[in-house]
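**Q** Spelled out, the chains give:
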Amino acid sequence: MNRRTFLATGAALATGWGPPKQAFAKGEVEIAKLSLGFGLDPVFAPHIVAMEKGWLKDAGFEEVSTATFTGGALAGEALIGGNIQLWTPGNLPPISMVHTGIPIVVLGTNCVAAAADNLVARADANIKAPEDLYNIKIALLAGSTANAVLFALAQHYGLDEKKLQVVNMPPPEQLAALKTGSVQALLCWQPWGHNALALGNTTLVHSGVASGFEKNKGAGVRISATRSLFVASQDFVRKNPKATNALMAALLRAQGYVANPANKAEVIALVAEKTKQDKALVEAIWGQYVFDPTFDEGYAADMRAMTGYLKATGRIKEAKDPLDFTYSAPAAAAGAKAPAPGRWKP
Amino acid sequence: MTGRWQKRLADAAVPAAILIGFLTGWEAVVALGWVRPIQVPPPSRIVASAGELALDGFPAGTLLGEHVGITFLRILTGYALALALAIPLGLLVGSNRTLDAATAPIVTFCRSVATLSLLPLAVVWFGVGEASKVFLIGYGCFWVMLSNTIAAIKLVDPVLISAARTMDTPPPDIFLKVVLPAALPRMVAGARVALGVGFMVIVGAEMIGTTRGLGALIMEARTFYRSDITVVGMFVIGAIGLALSYGLTRAEAWLLPWQRRMHERRP
Amino acid sequence: MTPRATVFERLAGTLSVIAALALWELASRFVWRDPQILPAPSEALLAAARVLGPWDLAQHVGISLFRILAGFLLAALIGVSLGIVLGWSPLAARCLRPFVEILRPIPPLAWLPLSIIWFGLGEPSKVFVIFLGAFFPIFTSAWRGMTMVSPTLIRAAQTMDVDGARLLWQVAIPATLPDIAAGLRVGFGLAFGILVAAELIAAKSGMGYLIMEARQLGQLGIAIFGIFLIGVVNLVADHQLARAVRATVGRWSNV
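Chains as they are written, first to last, in this note's numbering: chain A, 142 to 487; chain B, 211 to 477; chain C, 179 to 433.
Calculated directly from the structure, the hints in this document are not laboratory data.
Note that the Cβ used here is the ideal one computed from N, Cα and C, for glycine as well.
Certain hints may be false.
25 Å max Cα-Cα, derived DSS-like pairs, lysine-lysine [as the list claims (entries may be wrong)]:
| hint | chain 1 | residue 1 | chain 2 | residue 2 |
| --- | --- | --- | --- | --- |
| 1 | A | K303 | A | K458 |
| 2 | A | K198 | C | K382 |
| 3 | A | K415 | C | K382 |
| 4 | A | K383 | A | K174 |
| 5 | A | K269 | A | K304 |
| 6 | A | K417 | C | K382 |
| 7 | A | K194 | A | K415 |
| 8 | A | K194 | A | K383 |
| 9 | A | K405 | A | K478 |
| 10 | A | K174 | C | K382 |
| 11 | A | K174 | A | K380 |
| 12 | A | K194 | C | K382 |
| 13 | C | K382 | A | K380 |
| 14 | A | K303 | A | K356 |
| 15 | A | K383 | A | K486 |
| 16 | A | K198 | A | K405 |
| 17 | B | K387 | B | K364 |
| 18 | A | K269 | A | K356 |
Stretch by stretch, here's where chain B covers chain A in the computed footprint (C-beta under 8 Å, at least three residues) [as the list claims (entries may be wrong)]:
| hint | stretch |
| --- | --- |
| 19 | 195 to 207 |
| 20 | 232 to 240 |
| 21 | 257 to 268 |
| 22 | 298 to 311 |
Please model the complete structure; the sequences and the hints are all you need to start from.
**A** Structural data, given as structure tokens:
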């Protein structure tokens, strides 16, 4: 056993997984250049760690670059065009893509980000009960995971989601509108929820996993099915099986590192630096992300919930089962548990 | 009478033929597999999606007609406001050397500010209703129309003005009857460019507070990777712009009957 | 164009800019007093100075200028040529103008996904978007200018046996130059305006990128600084363009 494999096994054991079934052999991947879709978001922690520690290079990719998109669906187009090989979106866009017939495949969960969705309202809006939401304007990005969360909230509390006054706009404008009072609440992922709360005179009405309503304050109510996923094109996976396995191995290794509480301080510092966010901010929201690649019923349920939202709002006609476009083998080979594995095969 | 219709038909024949040839070639290129449908959706797919848009709507419930109507109204309002402000201002500034020199840097500067940059400011200043959209659309139109109007006045042939002066024309008449008519053709060209800019900014303008409108439609189509609907949206915008452009040409011919085209004199 | 007139113009221009900035600063401090509504120029500068060194700044400006110039030159070349051809030949105009007019109103933001798929994530896709922004005003001015060339001029030339290609090159085009010049300047300004949209395509640097990143991070001061930066660079570049234009077009124009 050479030193590299020894260290790799040690690292994997330390993170609580079994030893990876594939050693990180260099130079065996089909492609030398790798481009990752990137963003200014703490969910990219595994990518950041994998690049910083050189694990992607160890996996055999000589040249690793990132393509940063400040929001918007453009990264998906880049994936289709072959300009990036890995895309890390929320779980809504890839489901939309599959239903439009674009051949992509989900390689695994980057992190569960349900707790990172937050519905924040102005204190003067006086939101105490779910029905109070009818009286205010809620800013969110139409068609995003935040929209799906509101939909689920309405369903859970028996509200008519058509009666909710939703105002569509991108996150930075949501914050500005909340501040000036053009809207009385916003529903968004981090760091926008945190920034909204930091404005002062605002309250957390509901998070993705817990309620802030008076009647069930603090109760665990899971209305968000948001996950951050690893997505690649089917073409790429078919043509480059070794590269796919190596990529997932490196990412999962980084993911384990990120999930390990012992590395929390280091990872937060790294993420804050690379995403140009305030370190205190990253630290405050860190606990809301669960970096876990397991393919379990929770994964399938979250994906089906998102698909259900798309169908209920008329954006897709026939729902496809998410496991049909999930390819869990590479992640499983790198140590991820898969009690409910994906059904896609190259 | 028949002569005129025949001429109209003949005039339309060549561009129509080119258009048909272009569409056929496009469809063929995709069908043959030289170009993937992802890169360019074929005309057949676009027509099908247009039908879906018109009948089912996208997102479901909002029909194409509704999108068109709303955007049209917004553009018209922003454009009209912009022109109403830019034309008098442009005429004033163009006629006065000092004013022109003083405002030139500011005009050039403001012309370069992108609509996207103004989004956060628009929300703060105008809220999330129709006002912010009209502002964003009008902003682009205004500076372009202003620049063009100023240039139109400045480019009036000095010989015309001197000639008018030698005939003892009082200054207000020089402006109204000599300078203005001479500047009108370029102002209309400027109005045409300004209209184009008004359309150009609607995706950005309709990002705030609405899911209805052609710009919002394109963003929605993008969010859900319906590139065919994006292309339909682009086509519809283009078609409306084309129709308005030809309308503008007719208006121009009516406004400026004395303007003889170069072609009409060439044997 | 006497030298004294140019100095006077520049003075008037500079004074008005200073006045505008002063007004803004005062209003920001005493009228609305809330940096969220509109930060004062001084605040914007300070915010930017805190995170941007001179070398970073130069890099952002440099890469954006490259993209703008590339897109603008392409637009100028194709726009002027097409405008002249369509202005000269009514047949060409009837055939090709519909295509131009149908493409003109399409928002560059709508082109972004196609631009990525056709041209990738590098410079070509950004240059393409900038081209789209600058092309249409340039084309329109060139085309309109051609069609508005005084028929008297044409006939006069024809009486001197100048016709065909010579008529085009030696009479019509020079007569169109003032309009082309005006169109070039408007197109140039729009190229700057489009920069922000173009740099949404996975840019890692650039003035537009600066603005969008500041927007994502909620830093309004830096966003305003970015807008300023684009405007100032545009002013300087436009001034150079105006000089170049005046040198070529000379006494026919005072644009």
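**Q** None of the hints should be skipped; say for each whether it holds.
**A** Right, here's what the structure says about each hint:
1. A:K303 - A:K458: Roughly 20 Å separates the two Cα atoms, so the pair holds.
2. A:K198 - C:K382: holds (22 Å)
3. A:K415 - C:K382: With Cα atoms ~13 Å apart, A:K415 and C:K382 stay inside 25 Å; holds.
4. A:K383 - A:K174: holds (14 Å)
5. A:K269 - A:K304: holds (18 Å)
6. A:K417 - C:K382: With Cα atoms ~13 Å apart, A:K417 and C:K382 stay inside 25 Å; holds.
7. A:K194 - A:K415: Given that 25 Å is the threshold and the Cα spacing comes to 14 Å, the pair holds.
8. A:K194 - A:K383: holds (21 Å)
9. A:K405 - A:K478: Between A:K405 and A:K478 the Cα gap is close to 23 Å, so the pair holds against 25 Å.
10. A:K174 - C:K382: holds (18 Å)
11. A:K174 - A:K380: holds (14 Å)
12. A:K194 - C:K382: Holds: A:K194 and C:K382 sit about 22 Å apart, inside 25 Å.
13. C:K382 - A:K380: violated (29 Å)
14. A:K303 - A:K356: The given pair, whose Cα atoms are some 23 Å apart, holds under the 25 Å limit.
15. A:K383 - A:K486: Judged against 25 Å, a Cα distance of about 15 Å means the pair holds.
16. A:K198 - A:K405: Holds, at about 23 Å.
17. B:K387 - B:K364: Between B:K387 and B:K364 the Cα gap is close to 16 Å, so the pair holds against 25 Å.
18. A:K269 - A:K356: holds (8 Å)
19. 195 to 207: violated (count 0)
20. 232 to 240: Since three or more residues must qualify, the claim that chain B covers the stretch 232 to 240 of chain A holds, with 3 doing so at under 8 Å.
21. 257 to 268: Not satisfied, violated; 0 residues make the cut.
22. 298 to 311: holds (count 4)
The structure fails to meet hints 13, 19 and 21 from the earlier list, while all remaining hints are met.
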